[in-house]
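Residue strings, one per chain:
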Amino acid sequence: MARVDYIVAMKEVKVQYYAVFREQRGLGEETLETAAITAGDLYRELAERHGFSLPPSLVRASVNLQFKPLGDHLQDGDTVVFIPPVAGG
Amino acid sequence: MSQKPTFTVTADSIDPAPSRALDEAGGYVVFEGCVRNRNQGREVRSLEYEAFGEMAVKTGNEVLEEACRQFPILEVRCVHRTGHLRVGDIAIRVEVAAAHRNAAFEACGWIVDEVKRRVPIWKKEHYVEGDSGWIGIDVASKSEIRNLEEPAEGQSKIGPKSEIQYYSRQVTLAEVGEEGQAKLKAARVLVVGAGGLGSPALLYLAAAGVGTLGIVEFDDLDESNLHRQVLYSAAEVGRPKAEAAAERVRALNPYIEVVPHQARLSPANAAELIAGYDLVLDCSDNFRTKFLLNDACVEAGKALVQASIYRYEGQILVITPEAPCLRCLWPETPAEGCVGSCAEVGVLGVVPGFFGTLQATEAIKLILGMPSPLREGKMLLLDVLTYQQQMISISRDPACLSCGSARGTQHPEPGFEVEASEIDFADYFVVDVREPYELRMQPFAAALNLPSTRFDPSRLPQAERYLLVCAHGVRSAYLAETMREQGDHRFFSLIGGVAAIKVR
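The listed protein sequences correspond, in order, to chains V and X. The first sequence begins at 581 in the working numbering and counts up one residue at a time. The second sequence begins at 782 in the working numbering and counts up one residue at a time.
With a cut-off of at most 20 Å between alpha-carbon atoms, the simulated DMTMM-like pairs for lysine to aspartate or glutamate come out as follows:
1) X:Lys-964 - X:Glu-835
2) V:Lys-648 - X:Asp-1178
3) V:Lys-594 - X:Asp-1164
4) X:Lys-839 - X:Glu-960
5) X:Lys-964 - X:Glu-843
6) X:Lys-1146 - X:Glu-956
7) X:Lys-785 - X:Glu-846
8) X:Lys-1146 - X:Asp-1059
9) V:Lys-648 - X:Glu-1157
10) V:Lys-648 - X:Glu-1113
11) X:Lys-904 - X:Glu-813
Calculated from the structure, these hints are not laboratory results. It should be emphasised that the depicted structure is a prediction, and the values quoted were computed from it without experimental measurement.
Bound-form chain V, shown alone (with noise of 0.2 Å):
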């Protein structure tokens, strides 16, 4: 049986943290290492991790201050802001 090795490429990304967010991660931001290759694939990684209640489907982010959709891939030193939907006032 043929053996494949994977070599994951890990990346290192600022998250920012709005609303409702920080208050279910507990901090604003922070520095991590992420095999993940899109928004959305980190952003489950943190919703497993984290236990965030939203949807991926409402979710928004930001990579280095431009909204993108969930799918773009993220580049190394990226900074994404995850953003939910907000209605207070």
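Could you slot chain X onto chain V? The hints should help.
Using the frame of chain V, we list chain X on its own:
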């Protein structure tokens, strides 16, 4: 028309000399408005007129051009004097020539009224007693002028009597000036929601001199509103907020027009409500209204300044026809309560205070033609605890459901939210999802109380349709949507909740 209509403003005295007549003119009407020796019971010694420079001439010419379109007249000229005039001096002369006398009379009368109403020229009367007072030329009615000049017994005689004095401290700014102040006066702004965000927004827009301010607000003032809704006074609990807000705003600035709309924004009234305004502020507190306003403003091409808060943070977005809209970012209206319901989250009054003031700032900048980074499709996020702030760019979605190619293809409003006025409660098994203590404070006739915090659908008896009711329609909407996502479409939510059921 043999000669272009002209409106001029002059500091020279106006001679009562006739001007040239036309062969075609059968009727020729001249009106001369003079300084008379009495006004509202006071003996007048002299008058001063001050004009808002170029705006006065521009507006005056607009009036004359409209007159030429409305009435079959041949020629019209108008001169208005500025400076110091004595009793008997001519302040304004209007000359109209027409083929027939009726058109000349009517046009002349119309022009005098319109000049008085619209042209930014203010007069100051110097009374025989030695004092003086400015009179805004287009203050709504004589009775209001009387109220300004004759304060009630016991009240201080020092009060804002002068529109020019009122704005004097901002008119000196290069970005404002006479022209900017006139733009503010001509602006019509609608504020949707007179709550935490709306309170400071309304106060500052009024103070700046926005000429027409609309207020959309359906609720009555609740005790729990006061910690953040600083527009109101504690004695007003129970009073309809639209009415109370209008009164407070008028008290702050008597020179503007305030229009309360005691209504809840809905697909049925949104377009009509915003039609009379140029700019809208979203000071609402629920997704349904926010997305509805977004769609309506995009459709009508009106600018929208939107803000939302969550605990100590907030976001603000300015949507114009050239910029991305809310649905470029969130195509579907999120369910209410998906990020925590109203009563659960909690907020300090200063937070909506901060963001409501930011909204007024952006609105004023827009009206004055000042630049703003937020108008380039950027959302400002701000945390008032750390002052961490960022501006995040939004890309316009070419296939956006609201402003892009997919507009009109889908009605995004969820059909499970129903209006009290449109349904028969007898068609539903009504479930009150509030906490027991809320029921004691505000009873409601429901078949069953099943609080949202421990909602167990298995405890519900069999029924064809369930109507969930909470305090404001937020928790009930979230629950109904959750049940529908699980495949059970028998659940509906009452828009506006118990607060929406009123006996009028």
